[in-house]
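J.: Sequence:
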Amino acid sequence: MPWQPEIAWMPADNTLYKQPYMLNTRVLLKSVLEQAKTLGYGMNLGIEAEVYLVKKNADGTLSVPDPDDKLKKPCYDTRAFLSNFTWLDKMATSIDDLGWGLYSFDHEDANGQFEFDFNYADAVTSCDRFTFLKMMAKEYAKQEDLLATFMPKPFSNKTGTGAHFNMSLYDLETGANLFQCKPEEDEHGLGLTKLGYQFIAGILKHGPALCAVFAPTVNSYKRLVRQGDMPYFTWAPVFNSFGSNNRTNSVRVPMGGGRCESRNADGAVNPYLAAALALAAGLEGIKEGLDPGKPQEGNLYELSEVEREKLGIQFLPRTLDEAIQAFAADPFVEKVLGSELRNEFIRYKQAEWNEYHTVVSAWELERYSHLF
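First residue of the sequence shown: 841, per the working numbering; consecutive thereafter.
Treat the hints as calculated values from the structure; they're not laboratory data.
Don't take every hint at face value.
[Stated by the list, open to error] Straight-line distance between alpha carbons at most 30 Å, and here's what the computed DSSO-like set of lysine-lysine pairs gives:
#, residue 1, residue 2
1, Lys1127, Lys877
2, Lys1175, Lys1034
3, Lys998, Lys1062
4, Lys877, Lys998
Taking the hints into account, I'd like the entire structure generated from these sequences.
T.: Written as C-alpha coordinates, this is what we have:
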(Lines of atoms letter the chains of each structure in order from A and count residues from 1; the text may use other names and numbers.)
(Lines give C-alpha, C1' and ligand atoms only; values in the text may rest on other atoms or scores of the structure.)
Protein backbone atom coordinates (compact mmCIF):
# COMPACT_ATOMS: atom_id res chain seq x y z
CA MET A 1 0.00 0.00 0.00
CA PRO A 2 1.50 3.39 -0.96
CA TRP A 3 1.01 4.87 2.52
CA GLN A 4 2.27 1.70 4.27
CA PRO A 5 4.55 -0.10 1.79
CA GLU A 6 5.39 -2.97 4.14
CA ILE A 7 1.79 -4.17 3.72
CA ALA A 8 0.39 -5.60 0.47
CA TRP A 9 -3.33 -5.45 -0.41
CA MET A 10 -4.55 -8.34 -2.55
CA PRO A 11 -8.15 -8.88 -3.66
CA ALA A 12 -9.19 -12.52 -3.46
CA ASP A 13 -12.19 -14.79 -3.94
CA ASN A 14 -13.87 -16.75 -1.15
CA THR A 15 -14.48 -20.46 -1.44
CA LEU A 16 -16.78 -22.72 0.56
CA TYR A 17 -16.06 -26.46 0.61
CA LYS A 18 -13.49 -25.80 -2.13
CA GLN A 19 -16.14 -24.27 -4.39
CA PRO A 20 -16.49 -20.60 -5.42
CA TYR A 21 -18.65 -18.82 -2.85
CA MET A 22 -21.42 -17.20 -4.85
CA LEU A 23 -22.40 -14.74 -2.10
CA ASN A 24 -19.05 -13.09 -2.82
CA THR A 25 -19.93 -10.47 -5.43
CA ARG A 26 -16.44 -10.60 -6.97
CA VAL A 27 -17.03 -14.31 -7.61
CA LEU A 28 -20.45 -13.45 -9.03
CA LEU A 29 -18.95 -10.94 -11.47
CA LYS A 30 -16.45 -13.54 -12.67
CA SER A 31 -19.28 -16.01 -13.28
CA VAL A 32 -21.17 -13.51 -15.45
CA LEU A 33 -17.94 -12.75 -17.32
CA GLU A 34 -17.67 -16.47 -18.03
CA GLN A 35 -21.11 -16.30 -19.64
CA ALA A 36 -19.92 -13.41 -21.79
CA LYS A 37 -16.83 -15.44 -22.69
CA THR A 38 -19.00 -18.14 -24.29
CA LEU A 39 -20.18 -15.44 -26.72
CA GLY A 40 -16.64 -14.27 -27.37
CA TYR A 41 -16.99 -11.08 -25.33
CA GLY A 42 -15.00 -9.46 -22.56
CA MET A 43 -16.10 -6.38 -20.64
CA ASN A 44 -14.15 -3.18 -20.18
CA LEU A 45 -15.17 -0.83 -17.41
CA GLY A 46 -14.13 2.64 -16.32
CA ILE A 47 -15.49 4.11 -13.07
CA GLU A 48 -15.42 7.87 -12.52
CA ALA A 49 -14.45 8.32 -8.87
CA GLU A 50 -16.05 11.36 -7.23
CA VAL A 51 -15.32 12.06 -3.56
CA TYR A 52 -15.84 14.74 -0.93
CA LEU A 53 -12.97 15.88 1.28
CA VAL A 54 -14.60 17.26 4.44
CA LYS A 55 -14.03 18.16 8.05
CA LYS A 56 -16.02 16.36 10.75
CA ASN A 57 -17.07 18.85 13.42
CA ALA A 58 -17.41 18.24 17.16
CA ASP A 59 -21.21 18.09 16.86
CA GLY A 60 -20.99 15.35 14.21
CA THR A 61 -21.82 17.59 11.26
CA LEU A 62 -19.67 17.84 8.15
CA SER A 63 -18.25 21.00 6.63
CA VAL A 64 -15.98 22.01 3.76
CA PRO A 65 -12.41 22.43 5.11
CA ASP A 66 -11.65 25.53 3.05
CA PRO A 67 -13.99 28.40 4.09
CA ASP A 68 -13.22 30.17 0.81
CA ASP A 69 -14.42 27.21 -1.27
CA LYS A 70 -17.94 28.62 -1.49
CA LEU A 71 -18.73 29.29 -5.15
CA LYS A 72 -22.22 28.21 -6.19
CA LYS A 73 -20.75 26.01 -8.92
CA PRO A 74 -17.01 25.56 -8.21
CA CYS A 75 -16.22 22.97 -10.90
CA TYR A 76 -12.59 23.35 -12.08
CA ASP A 77 -11.97 26.16 -9.56
CA THR A 78 -8.16 26.33 -9.43
CA ARG A 79 -7.91 28.26 -6.15
CA ALA A 80 -10.05 25.76 -4.23
CA PHE A 81 -8.22 22.91 -5.94
CA LEU A 82 -4.83 24.19 -4.79
CA SER A 83 -6.00 24.70 -1.21
CA ASN A 84 -6.36 20.89 -0.98
CA PHE A 85 -3.22 20.15 -2.97
CA THR A 86 -1.40 18.07 -0.33
CA TRP A 87 -4.15 15.43 -0.28
CA LEU A 88 -4.69 15.63 -4.04
CA ASP A 89 -0.98 15.24 -4.72
CA LYS A 90 -0.76 12.12 -2.54
CA MET A 91 -3.75 10.63 -4.34
CA ALA A 92 -2.55 11.48 -7.85
CA THR A 93 1.02 10.31 -7.20
CA SER A 94 -0.17 7.00 -5.75
CA ILE A 95 -2.62 6.35 -8.59
CA ASP A 96 0.20 6.95 -11.07
CA ASP A 97 2.67 4.82 -9.11
CA LEU A 98 0.13 1.99 -9.06
CA GLY A 99 0.06 2.09 -12.86
CA TRP A 100 -3.60 2.92 -13.27
CA GLY A 101 -2.99 5.64 -15.86
CA LEU A 102 -4.39 8.74 -14.18
CA TYR A 103 -5.34 11.21 -16.92
CA SER A 104 -7.47 13.75 -15.05
CA PHE A 105 -8.27 14.97 -11.56
CA ASP A 106 -10.15 18.13 -10.74
CA HIS A 107 -12.36 20.10 -8.40
CA GLU A 108 -15.86 18.84 -9.06
CA ASP A 109 -19.28 20.48 -9.10
CA ALA A 110 -19.63 20.99 -5.33
CA ASN A 111 -17.53 22.66 -2.65
CA GLY A 112 -15.03 20.15 -1.26
CA GLN A 113 -15.75 17.64 -4.04
CA PHE A 114 -13.13 16.15 -6.37
CA GLU A 115 -12.93 13.57 -9.15
CA PHE A 116 -10.18 11.17 -10.23
CA ASP A 117 -10.27 9.61 -13.70
CA PHE A 118 -7.89 6.83 -14.71
CA ASN A 119 -7.75 4.35 -17.56
CA TYR A 120 -10.48 1.80 -18.00
CA ALA A 121 -9.57 -1.87 -17.64
CA ASP A 122 -11.26 -5.25 -17.62
CA ALA A 123 -14.28 -5.26 -15.32
CA VAL A 124 -12.72 -7.12 -12.37
CA THR A 125 -9.57 -4.99 -12.38
CA SER A 126 -11.58 -1.75 -12.47
CA CYS A 127 -13.74 -2.90 -9.56
CA ASP A 128 -10.64 -3.84 -7.57
CA ARG A 129 -9.10 -0.44 -8.26
CA PHE A 130 -12.22 1.48 -7.26
CA THR A 131 -12.44 -0.49 -4.02
CA PHE A 132 -8.79 0.20 -3.20
CA LEU A 133 -9.07 3.88 -4.18
CA LYS A 134 -11.82 4.42 -1.60
CA MET A 135 -9.61 3.04 1.16
CA MET A 136 -6.63 5.05 -0.06
CA ALA A 137 -8.61 8.31 -0.17
CA LYS A 138 -9.68 7.83 3.44
CA GLU A 139 -6.17 6.99 4.64
CA TYR A 140 -4.64 10.09 3.06
CA ALA A 141 -7.49 12.24 4.39
CA LYS A 142 -6.75 11.00 7.93
CA GLN A 143 -3.21 12.32 7.54
CA GLU A 144 -4.72 15.79 7.02
CA ASP A 145 -7.19 15.35 9.93
CA LEU A 146 -9.99 15.24 7.37
CA LEU A 147 -12.53 12.72 6.12
CA ALA A 148 -12.83 11.48 2.54
CA THR A 149 -16.39 10.34 1.96
CA PHE A 150 -18.04 8.69 -1.03
CA MET A 151 -21.47 9.14 0.59
CA PRO A 152 -23.93 9.86 -2.25
CA LYS A 153 -25.37 13.07 -0.76
CA PRO A 154 -23.49 14.43 2.29
CA PHE A 155 -24.94 17.94 1.86
CA SER A 156 -28.56 18.63 0.95
CA ASN A 157 -27.65 21.84 -0.90
CA LYS A 158 -24.69 20.50 -2.90
CA THR A 159 -24.20 18.13 -5.82
CA GLY A 160 -24.17 14.43 -4.99
CA THR A 161 -21.33 11.96 -5.45
CA GLY A 162 -21.52 9.75 -8.50
CA ALA A 163 -19.46 6.77 -9.66
CA HIS A 164 -20.49 6.64 -13.30
CA PHE A 165 -19.94 3.28 -15.00
CA ASN A 166 -18.46 3.50 -18.52
CA MET A 167 -18.95 0.12 -20.19
CA SER A 168 -18.06 -1.60 -23.44
CA LEU A 169 -17.57 -5.12 -24.75
CA TYR A 170 -14.45 -6.23 -26.57
CA ASP A 171 -13.61 -9.19 -28.80
CA LEU A 172 -11.70 -11.74 -26.73
CA GLU A 173 -9.59 -12.79 -29.72
CA THR A 174 -8.67 -9.40 -31.21
CA GLY A 175 -9.29 -7.01 -28.32
CA ALA A 176 -11.36 -4.82 -30.65
CA ASN A 177 -14.02 -2.59 -29.09
CA LEU A 178 -17.33 -4.11 -30.22
CA PHE A 179 -19.26 -0.92 -29.45
CA GLN A 180 -17.12 1.39 -31.59
CA CYS A 181 -18.00 2.48 -35.11
CA LYS A 182 -17.76 5.63 -37.19
CA PRO A 183 -20.60 8.12 -36.59
CA GLU A 184 -21.67 7.82 -40.23
CA GLU A 185 -22.10 4.07 -39.74
CA ASP A 186 -24.58 4.67 -36.90
CA GLU A 187 -28.08 5.79 -37.88
CA HIS A 188 -28.16 7.96 -34.75
CA GLY A 189 -24.69 9.38 -35.43
CA LEU A 190 -23.34 8.53 -31.97
CA GLY A 191 -20.54 6.17 -33.00
CA LEU A 192 -22.16 3.13 -31.39
CA THR A 193 -22.66 -0.26 -33.02
CA LYS A 194 -25.90 -2.23 -33.12
CA LEU A 195 -24.42 -4.48 -30.42
CA GLY A 196 -23.92 -1.42 -28.22
CA TYR A 197 -27.52 -0.32 -28.64
CA GLN A 198 -28.76 -3.80 -27.81
CA PHE A 199 -26.62 -3.74 -24.67
CA ILE A 200 -28.18 -0.40 -23.66
CA ALA A 201 -31.65 -1.80 -24.32
CA GLY A 202 -30.96 -4.59 -21.85
CA ILE A 203 -29.82 -2.06 -19.24
CA LEU A 204 -33.02 -0.05 -19.75
CA LYS A 205 -35.21 -3.16 -19.65
CA HIS A 206 -33.99 -3.83 -16.12
CA GLY A 207 -33.28 -0.20 -15.20
CA PRO A 208 -35.56 0.00 -12.14
CA ALA A 209 -34.12 -3.21 -10.64
CA LEU A 210 -30.54 -2.14 -11.39
CA CYS A 211 -31.19 1.08 -9.50
CA ALA A 212 -31.15 -0.89 -6.24
CA VAL A 213 -27.49 -1.82 -6.78
CA PHE A 214 -26.29 1.32 -8.56
CA ALA A 215 -27.86 3.50 -5.84
CA PRO A 216 -28.00 1.14 -2.84
CA THR A 217 -28.70 3.39 0.17
CA VAL A 218 -31.43 5.57 1.63
CA ASN A 219 -29.13 8.53 1.04
CA SER A 220 -28.67 7.64 -2.65
CA TYR A 221 -32.15 8.87 -3.53
CA LYS A 222 -31.46 12.33 -2.14
CA ARG A 223 -28.97 12.58 -4.99
CA LEU A 224 -31.35 11.24 -7.63
CA VAL A 225 -33.69 14.22 -7.71
CA ARG A 226 -34.68 16.67 -10.41
CA GLN A 227 -33.62 19.96 -8.87
CA GLY A 228 -32.52 23.49 -9.78
CA ASP A 229 -32.88 25.85 -12.72
CA MET A 230 -30.66 25.87 -15.80
CA PRO A 231 -27.46 27.30 -14.25
CA TYR A 232 -27.80 25.11 -11.16
CA PHE A 233 -29.26 21.79 -12.32
CA THR A 234 -28.08 18.77 -10.35
CA TRP A 235 -27.98 16.76 -13.62
CA ALA A 236 -28.83 13.66 -11.61
CA PRO A 237 -30.42 10.85 -13.66
CA VAL A 238 -34.03 10.33 -12.65
CA PHE A 239 -35.38 8.85 -15.91
CA ASN A 240 -34.99 5.35 -17.35
CA SER A 241 -33.80 6.63 -20.71
CA PHE A 242 -30.74 7.01 -22.91
CA GLY A 243 -29.24 9.70 -25.10
CA SER A 244 -26.01 11.14 -26.39
CA ASN A 245 -24.06 13.86 -24.57
CA ASN A 246 -27.12 14.53 -22.40
CA ARG A 247 -26.76 14.27 -18.64
CA THR A 248 -30.49 14.11 -17.90
CA ASN A 249 -30.59 10.48 -19.12
CA SER A 250 -29.65 7.57 -16.86
CA VAL A 251 -27.65 6.04 -19.72
CA ARG A 252 -25.76 8.10 -22.24
CA VAL A 253 -23.32 7.60 -25.09
CA PRO A 254 -20.48 10.08 -24.46
CA MET A 255 -18.94 12.04 -27.31
CA GLY A 256 -16.88 9.79 -29.56
CA GLY A 257 -19.10 6.76 -28.96
CA GLY A 258 -17.72 3.29 -28.37
CA ARG A 259 -19.14 2.98 -24.86
CA CYS A 260 -22.20 3.62 -22.76
CA GLU A 261 -22.26 5.37 -19.41
CA SER A 262 -24.63 4.47 -16.60
CA ARG A 263 -25.04 7.66 -14.59
CA ASN A 264 -27.16 6.53 -11.64
CA ALA A 265 -24.26 4.67 -9.97
CA ASP A 266 -23.08 6.53 -6.86
CA GLY A 267 -20.19 6.36 -4.42
CA ALA A 268 -21.90 3.74 -2.23
CA VAL A 269 -22.07 1.23 -5.07
CA ASN A 270 -20.70 -2.30 -4.68
CA PRO A 271 -18.89 -2.24 -8.04
CA TYR A 272 -18.74 -6.02 -8.43
CA LEU A 273 -22.46 -6.50 -7.87
CA ALA A 274 -23.43 -3.58 -10.10
CA ALA A 275 -21.06 -4.64 -12.89
CA ALA A 276 -22.35 -8.23 -12.75
CA LEU A 277 -25.99 -7.21 -13.09
CA ALA A 278 -25.27 -4.53 -15.70
CA LEU A 279 -23.31 -7.00 -17.83
CA ALA A 280 -25.99 -9.67 -17.49
CA ALA A 281 -28.68 -7.16 -18.48
CA GLY A 282 -26.64 -6.01 -21.47
CA LEU A 283 -26.03 -9.58 -22.60
CA GLU A 284 -29.76 -10.26 -22.39
CA GLY A 285 -30.38 -7.24 -24.59
CA ILE A 286 -27.94 -8.67 -27.15
CA LYS A 287 -29.35 -12.20 -27.05
CA GLU A 288 -32.91 -10.91 -27.45
CA GLY A 289 -31.99 -8.35 -30.10
CA LEU A 290 -33.60 -5.53 -28.12
CA ASP A 291 -33.84 -1.97 -29.45
CA PRO A 292 -33.63 0.99 -27.04
CA GLY A 293 -35.43 3.28 -29.48
CA LYS A 294 -34.29 6.77 -30.41
CA PRO A 295 -31.87 8.61 -28.13
CA GLN A 296 -33.39 11.41 -26.06
CA GLU A 297 -31.56 14.61 -26.98
CA GLY A 298 -33.55 17.29 -25.13
CA ASN A 299 -33.36 18.35 -21.49
CA LEU A 300 -35.68 15.81 -19.88
CA TYR A 301 -35.92 17.95 -16.74
CA GLU A 302 -37.98 20.45 -18.72
CA LEU A 303 -40.54 18.01 -20.12
CA SER A 304 -44.09 18.21 -18.85
CA GLU A 305 -45.60 14.99 -17.51
CA VAL A 306 -47.77 14.77 -20.64
CA GLU A 307 -44.73 15.13 -22.92
CA ARG A 308 -42.77 12.59 -20.91
CA GLU A 309 -45.57 10.01 -21.00
CA LYS A 310 -46.02 10.56 -24.74
CA LEU A 311 -42.36 9.66 -25.24
CA GLY A 312 -42.76 6.60 -23.01
CA ILE A 313 -40.08 7.77 -20.59
CA GLN A 314 -40.49 6.32 -17.11
CA PHE A 315 -39.11 7.59 -13.82
CA LEU A 316 -36.53 5.47 -12.06
CA PRO A 317 -37.31 4.52 -8.43
CA ARG A 318 -37.42 7.60 -6.23
CA THR A 319 -36.67 5.91 -2.90
CA LEU A 320 -34.68 2.92 -1.73
CA ASP A 321 -37.99 1.19 -0.96
CA GLU A 322 -39.19 1.62 -4.56
CA ALA A 323 -35.86 0.31 -5.82
CA ILE A 324 -36.03 -2.74 -3.53
CA GLN A 325 -39.54 -3.48 -4.78
CA ALA A 326 -38.39 -3.25 -8.41
CA PHE A 327 -35.38 -5.45 -7.61
CA ALA A 328 -37.58 -8.06 -5.91
CA ALA A 329 -40.19 -8.05 -8.68
CA ASP A 330 -37.77 -8.64 -11.59
CA PRO A 331 -37.19 -12.41 -12.23
CA PHE A 332 -33.95 -11.48 -14.01
CA VAL A 333 -32.33 -10.67 -10.65
CA GLU A 334 -32.74 -14.17 -9.22
CA LYS A 335 -31.63 -15.66 -12.53
CA VAL A 336 -28.32 -13.79 -12.25
CA LEU A 337 -27.72 -13.75 -8.49
CA GLY A 338 -29.39 -16.94 -7.40
CA SER A 339 -32.06 -16.98 -4.72
CA GLU A 340 -29.71 -16.85 -1.72
CA LEU A 341 -27.85 -13.66 -2.69
CA ARG A 342 -31.02 -12.04 -4.03
CA ASN A 343 -32.93 -12.71 -0.82
CA GLU A 344 -30.05 -11.63 1.41
CA PHE A 345 -29.69 -8.33 -0.45
CA ILE A 346 -33.42 -7.64 -0.17
CA ARG A 347 -33.45 -8.51 3.54
CA TYR A 348 -30.46 -6.29 4.28
CA LYS A 349 -31.74 -3.32 2.30
CA GLN A 350 -35.29 -3.62 3.61
CA ALA A 351 -33.88 -3.54 7.15
CA GLU A 352 -31.96 -0.37 6.25
CA TRP A 353 -35.14 1.25 4.94
CA ASN A 354 -37.13 0.24 8.03
CA GLU A 355 -34.43 1.52 10.38
CA TYR A 356 -34.35 4.85 8.55
CA HIS A 357 -38.02 5.35 9.36
CA THR A 358 -37.43 5.01 13.09
CA VAL A 359 -35.05 8.01 13.15
CA VAL A 360 -36.43 11.48 13.92
CA SER A 361 -34.50 13.88 11.69
CA ALA A 362 -33.47 17.48 12.30
CA TRP A 363 -35.80 18.47 9.45
CA GLU A 364 -38.78 16.97 11.29
CA LEU A 365 -37.89 18.69 14.55
CA GLU A 366 -37.47 22.04 12.81
CA ARG A 367 -40.72 21.67 10.87
CA TYR A 368 -43.06 20.14 13.43
CA SER A 369 -41.88 20.83 17.00
CA HIS A 370 -43.38 24.34 17.13
CA LEU A 371 -46.13 23.75 14.57
CA PHE A 372 -48.05 21.20 16.63
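J.: Hint by hint, which ones does the structure fall short of?
T.: 4
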